[in-house]
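S.K.: Combine both chains into one complex, guided by the hints.
For the record, the sequence lines run as chains A and B.
Just so you know, the first sequence maps onto residues 1 to 221 in the UniProt record's numbering.
Just so you know, the second sequence maps onto residues 1 to 304 in the UniProt record's numbering.
I should point out that these hints are in silico values taken from the structure, not numbers from a laboratory.
As the structure is a computational prediction, the values presented were derived from the model and not from experiment.
Hints may be right or wrong, so weigh each one.
Residues on chain B that point at chain A, a partial pick, calculated with CB under 8 Å [to be verified]:
| hint | residue |
| --- | --- |
| 1 | TYR9 |
| 2 | ASP10 |
| 3 | LEU28 |
| 4 | VAL29 |
| 5 | GLN47 |
| 6 | TRP50 |
| 7 | PHE125 |
| 8 | VAL209 |
| 9 | LEU217 |
| 10 | ALA220 |
| 11 | LEU228 |
| 12 | ALA236 |
| 13 | VAL249 |
| 14 | VAL254 |
| 15 | ASN257 |
| 16 | ASP288 |
All residues carry an ideal CB built from backbone N, CA and C; glycine is no exception.
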Amino acid sequence: MFDFLQGYDLLGAFWVTVQLTVYSAVGSLVWGTLLAAMRVSPVPLMRGFGSVYVNVVRNIPLTVIIVFTSLGLFQTLGVDMGADRFTTINFRLAVLGLTAYTSAFVCEALRSGINTVPLGQVEAARAIGLNFPQVLRLIVLPQAFRSVVGPLANVLIALTKNTTVAAAIGVAEAALLMREMIENEAQLILISTIFAFGFICLTLPTGLFLGWVAKKVAVKR
Amino acid sequence: MKTKPTVLYDVPGPRARRRNLLWTLLFLVAIAAVVWWVVVSLADKNQLEWTKWEPFFTDGRVWDTYILPALKNTVIAAGLAMVIALPLGALLGVSRLSDHRSVRVVAGTVVEFFRAIPVLILMLFANAAYSEFTDISPETRPLYAVVTGLVLYNASVLAEVVRAGILALPTGQTDAAKAIGMRKGQTMTYVLLPQSVTAMLPALVSQLVVIVKDTALGGALLGFSELLASVRPMSANYGANTIACFTVVAVLFVLLNFALTTFAAWLEGRLRRGKRSTGAVVGADAVDDLARPGEHLGPTDGTK
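Just chain B, with the same shape it has in the complex (with noise of 0.2 Å):
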């Protein structure tokens, strides 16, 4: 992947080293324009003024009132609502599995239905439906309401990305389980799942990504106090200093989900080079690839 693209072009000659080099600079002019512009109406709206950025620097309050307990509940979410996912999503798959047809139809009605919905949608239908029919305390709902939509988002897409890790499996393993006289629930709980699991861990992680992403939407529509959310007390407190808290929040946020794809990708790098696995990786771009309701997923195409 990295060496493809160069073949587009020719190492530059003297001709193509000046058409860069003009290149490069109309691209910096531009650049250049769009920053000045930036910059221009920032001051224009004064907030550009040091005291607008100086609490996230020097001020260690702004940090334990409004940003790390956010970025706690940030993380406690996504937290959560991957580890309700993961069990939920795995059962999902293995049924979608199933030598039953009666199993195999009902599970994939449930991935299909909550994959193709968006998760806003589940997550205001979780939060009415918890004030309505529980008595959870109007303070915890948002984080409930949350954590559900999440989980049955999430739970139907890992449902799919564990149906491509068992199919991604050498059909050897299967075949070696039936040998030594193993039953269709031991090979899947003894050979398969164990395998499949380690074989997708980048796709895990990369889902990881896209939930804490998802929390977003609870501190914009349901009031779950997470990071998004934490910008409006801040910027009220700190003299309307809006953009500097949106950059804070955006750059924690790119900084957090940046750790998680870089190690995701890692993960499979050396799940690939690893000598033990059985050489099945579902990788963390398969997640995107799965994102399509409707579309099932042939033995073949689990191999990526």
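If we strip away everything but chain A, and leave its shape as in the complex, we get (with noise of 0.2 Å):
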């Protein structure tokens, strides 16, 4: 029943869309977190990029991005990320793309985590002599980290199945490989129920850990 499966690397595309998964991760956190950064600082044009930033790259839908980052950037402009071979580019083309749209969210979750912060312990803060900077960074910024771990979590398993958007540049990841595997084989009950539940295998368990990981670090009021 699943001979078919031999000549194709099934687990090597899930291990694409884990890796498209994690740098992206990484990178829209970082890159999140200065946005967050941006949007509260007292200085007024920093906010204005910021909020400028989230609200339009929101509002574009993911597959333009990445449709963008190939066609536009790569084929019009010359950017190759610093790579010679055409799949390291697109990978490295589709985890731009990836981090510049999952930033926006990541940085609407902290802020919302920010709002939750007492004003008394910030303004505690101030009154001790903190400036902006150290404000956020030891009174606010932690806090806001731990009570958004559940919000956080929705963005990385949105992050998860936005991967397989990577598919349109051609990177090979799982439904890439599922298109293909549709186009070879008269399979495909079997084929979308693999690559269905490869998918729940990714996504279920973050959730499932991460709500644990988010009611165990909330700081509790």
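M.R.: Spelled out as structure tokens, the structure:
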């Protein structure tokens, strides 16, 4: 029944999916945190940039962003992300697109977390003479991160599912392999079940585990 | 929300004002450097020539032939998906609240299954299934596949929204319905559902943004002729103006979705202020909060 699987690198494809997820998750956590810091900073220009970025990027389909990285950035402008092999370029472009898109959602999640920190704490921090970067770094962000583990888990799961969009620029991840297998094999239901199962294996444990972590680390108020 | 972030810093005094000015200048330099790099590389590849942008402003044909039909397809697919997914989602959501364990478990499994799977996988499956098991013509098949994928995924998300909406209603509603002798079905159809639909409207509108964005998947991978798919023929016919085409398409998506987001926020504010509502509102941000597979909403979570 599973004979047709030979000749297809199923685990390899899901491994690419996982890699896309991990790299983009790290990238968007960093860039998203910076964006969130900008959005609450005292400098109006940074606040403006942050909110324009978030509102524009959130409303563009991820597919448009990913296809643009390939057709626009690479083929038109020659941005090759420092790679020379075609597959590496596409992989890095996909990570770039996923990061640019996901960080907008990370930023929004963090900002809602910042709002959960009680005013009194910030006032106390300022009263002992901490300045804005210190308040943010020492008092607000640590608590904000703990309270947004749940929402960030949602973002991570959405990101895992969104990595399939990289198939649009030919990154050899799960969705692309699924399309190839559907074209070549007459086992539609079986193939679909395998891929559905693969994604459930990726997203369901992540959701349950991070849900548990969220409860564990949440600041009790 | 608007006043809260300002508590992070004082009203700037003279030193803080100077420091902020310095930061503004540094940030401006950084932005200018990026913009400069973009402009130089665009000019390098001749993407800034007026002839490449001109068609969108002076030539009506590019709109009539490519953009407007594509925009229409995007809207049709999103609208169809929403209209079909809504009753399906309501059914699933209500089933998850059923008194019968078997119904609850089945509906729960369906919802969790389709929420955990990427929309693209569902679309690819639907596309292949339609070509194998039905005789839908290849021209219309992408639309069917896109709508099916969107319906399967969004019905399960909407099911959670509906459930949250019903759970968010004050319990007095059910008590009152019981007191005047309504049966379970009557309570649901005459009392709870109509009110929860109003409460959910903001969440529904903001889910529409997700649906609009996901139609682009069909353009990139299934040959559905929506907005994103119009980039290739446009830039082929108007002199390799890839950047210009992408800009126009992205701006259209942003405008469309921004209008929906603003409308959802306005609706939410209006419902929250409304005197005649029960006070239960499932806000626009509820959909994000519901996106985690495997996590189950308790009655208290729905009152956001």
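S.K.: Does each hint hold? Answer for all of them.
M.R.: Consistency of the hints with the structure:
{"no.": "1", "hint": "TYR9", "result": "holds, 4 Å"}
{"no.": "2", "hint": "ASP10", "result": "holds, 7 Å"}
{"no.": "3", "hint": "LEU28", "result": "holds, 7 Å"}
{"no.": "4", "hint": "VAL29", "result": "violated, 11 Å"}
{"no.": "5", "hint": "GLN47", "result": "holds, 6 Å"}
{"no.": "6", "hint": "TRP50", "result": "violated, 17 Å"}
{"no.": "7", "hint": "PHE125", "result": "holds, 4 Å"}
{"no.": "8", "hint": "VAL209", "result": "holds, 7 Å"}
{"no.": "9", "hint": "LEU217", "result": "holds, 5 Å"}
{"no.": "10", "hint": "ALA220", "result": "holds, 4 Å"}
{"no.": "11", "hint": "LEU228", "result": "holds, 5 Å"}
{"no.": "12", "hint": "ALA236", "result": "violated, 12 Å"}
{"no.": "13", "hint": "VAL249", "result": "holds, 6 Å"}
{"no.": "14", "hint": "VAL254", "result": "holds, 5 Å"}
{"no.": "15", "hint": "ASN257", "result": "holds, 4 Å"}
{"no.": "16", "hint": "ASP288", "result": "holds, 6 Å"}
Of the numbered hints listed earlier, those contradicted by the structure are 4, 6 and 12.
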